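Engineer: All letters in the sequence shown, in the order written, are residues 5 to 408 by our numbering.
Just so you know, the hints here were simulated from the structure itself, not pulled from any lab data.
Among these hints, one or two may not hold up.
Stated by the list, open to error - Cβ-Cβ distance ranges computed for the label pairs, FRET-style: (1) K385 / P213: 37 to 47 Å; (2) R394 / G133: 26 to 36 Å; (3) P349 / R394: 40 to 50 Å; (4) I261 / K216: 15 to 25 Å; (5) P291 / G107: 40 to 50 Å; (6) P213 / G133: 48 to 58 Å; (7) W106 / A348: 19 to 29 Å; (8) T211 / S109: 22 to 32 Å.
Said to hold, decoys possible - Listed below are the simulated DSSO-like cross-link pairs for lysine-lysine, each with C-alpha atoms no more than 30 Å apart in a straight line: (9) K260 / K336; (10) K225 / K190; (11) K337 / K363; (12) K307 / K225; (13) K391 / K260; (14) K260 / K188.
Note that the coordinates shown come from a computational prediction; the quantities given were computed from them, not determined experimentally.
The beta-carbon is built from N, C-alpha and C at its ideal position, and this holds for glycine as well.
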Amino acid sequence: MTVTLNPSSIPWTRTNEAVSRQFITCDDPDRRDLLCGGGALAMSLLLAGLLGGSRPARAQALAGPVPELDEVTVRIVTDSYQFAVAPKTRRAESLVIEHFGWGISPDRPPGPTMVSEFGLSMHVTSRRGEETRRTLVDFGFTPQALNSNLALLELRPSDLDALVLSHGHYDHFGGLAGFLAANKGKLKSKLPLYVGGEDCFCAREWTAPPVKGDFGVIDRKGLEEARLTVTSTERPSLVAGHGFTSGQIGQRSFEKILSPSAMRIGVRDGVGCDPQSFAKADPQQGPIPDQFQHEIATAFNIKGRGLVVLTSCSHRGVVNAVRQAQAVSGVKKVHAVIGGFHLAPYQPEYLRETLAALKEIGPDHIVPLHCSGEAFYEMAKAEMPTKLVRAYTGTRLTFSAAAT
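Turn these sequences into a full structure, and let the hints guide you.
Structural biologist: Below is the structure:
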């Protein structure tokens with residue numbers, strides 16, 4: 005199954021401020037898997053059965069213009085790197101960049117400091133007038149890092165209005181179960197957890213170098229016990245009334261999937277993904293190559309600036325993710341692209357092609373994290389020095405609306 009945009013051609017290079025809204029369709033309407041066609045209701049029924057008494061909600065679909073926000077602050081809660089002695093605060097035009105530093109003070113010995121690991125978690129505070137919303141996107145590799153970093157950054161889980169899981173890789177959901185356990189009874193009632201499709205819940209194996217092995221599975225019982233509202237967003241959907249998800253990301257550019265994992269279809273001991281959700285799926289066939297059809301990006305529209313797109317991991321292509329956000333929102337201008345670009349596995353020619361496509365899109369700021377790779381960072385630093393932003397675990401990025 006391939007998610008495509010209809011009509012078949014989108015003028016990505018058009019220079020006017022907005023692109024016309026497109027509607028997502030599937031290329032094979034006869035397929036009965038929940039990743040194609042009107043799967044929201046069926047997805048809710050399926051998840052309700054697997055999650056016991058929890059009743060997942062249908063995501064609020066995009067209708068009309070996406071909200072315009074006055075300010076968006078992205079805090080990198082967990083990433084692969086940190087640099088404690090980076091300059092604390094600097095500005096890059098309309099963007100304010102603040103690094104966390106480390107746990108020292110004049111009147112006591114060093115205390116706890118940020119934990120970095122191979123994983124990603126981002127906290128977003130968005131403001132529209134007097135209205136503020138807080139969203140946690142992904143949960144890193146371990147709950148120890150996530151919970152400790154949230155506390156050091158003074159980000160209270162009880163304030164959260166939404167959770168988003170970009171895809172079913174352990175370095176993005178590994179901290180979730182421990183986060184929920186540590187905050188039992190503290191989260192808002194029926195807090196929504198947005199996921200991109202049923203294959204998010206499949207058990208996975210890591211198949212790429214340097215070591216192959218079990219790559220985990222989401223604890224569905226933990227979601228039930230936390231009384232989350234698991235919310236399916238195969239289609240573009242609003243998040244907490246401020247942001248929006250891309251919906252499942254179509255592959256329309258040169259970008260190719262280099263899958264480092266395989267997924268096993270089936271439910272075992274209450275966890276996994278239902279084989280009835282996939283056309284011609286055989287639970288006995290063993291792991292199948294992961295195509296990340298459930299992966300989603302999360303975006304916010306800043307008044308007078310454009311989109312801030314959180315790509316998370318970009319297995320289906322960072323360019324595809326950004327262009328999908330443009331298409332489904334009707335907003336052409338991209339203010340910032342933040343997240344893992346999944347470029348570390350690719351050769352230099354592919355990196356140059358990606359960089360050229362990003363130049364064509366023309367974001368004001370590019371913030372590569374997690375799986376983007378040092379080779380891409382160095383290439384972007386040479387070719388887009390004024391747009392490239394270095395961020396680490398603990399960095400806060402504040403984007404403000406244009407002055408009127």
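Engineer: If a hint holds in the structure, say so; if it doesn't, say that too.
Structural biologist: Evaluation of the provided hints:
At about 26 Å, the CB distance of K385 to P213 disagrees with the hint of 37 to 47 Å. Take R394 and G133: their Cβ atoms lie about 32 Å apart, and the range 26 to 36 Å holds. Taking 40 to 50 Å as the suggested C-beta distance range, the pair P349 and R394 does not conform, at roughly 21 Å. A hinted range of 15 to 25 Å holds for the C-beta pair I261 and K216, which are about 18 Å apart.
For the hinted restraint 40 to 50 Å between P291 and G107, the CB-CB distance of approximately 42 Å keeps it satisfied. Taken as a hint, the range 48 to 58 Å holds for the pair P213 and G133, whose Cβ atoms sit roughly 50 Å apart. The supplied range of 19 to 29 Å is met by W106 and A348, whose beta-carbon atoms lie about 27 Å from each other. Checked against the hint of 22 to 32 Å, the C-beta distance between T211 and S109 comes to roughly 46 Å, which is inconsistent with it.
For the suggested pair K260 and K336, the alpha carbons sit about 24 Å apart, so the restraint of at most 30 Å is met. As the CA atoms of K225 and K190 are separated by approximately 18 Å, the hinted pair is consistent with the 30 Å bound. Restraint check for K337 and K363: satisfied, since their Cα atoms lie roughly 12 Å apart, inside the 30 Å limit. Restraint check: the Cα-Cα separation between K307 and K225 comes to about 40 Å, which exceeds 30 Å; the hinted pair is violated.
A threshold of 30 Å between alpha carbons decides the hint, and for K391 with K260 the separation of about 25 Å falls inside it, so the pair holds. Between K260 and K188 the alpha-carbon distance is near 40 Å, which puts this suggested pair outside the 30 Å criterion.
Checked against the numbered hints above, the structure breaks hints 1, 3, 8, 12, 14 and satisfies the rest.
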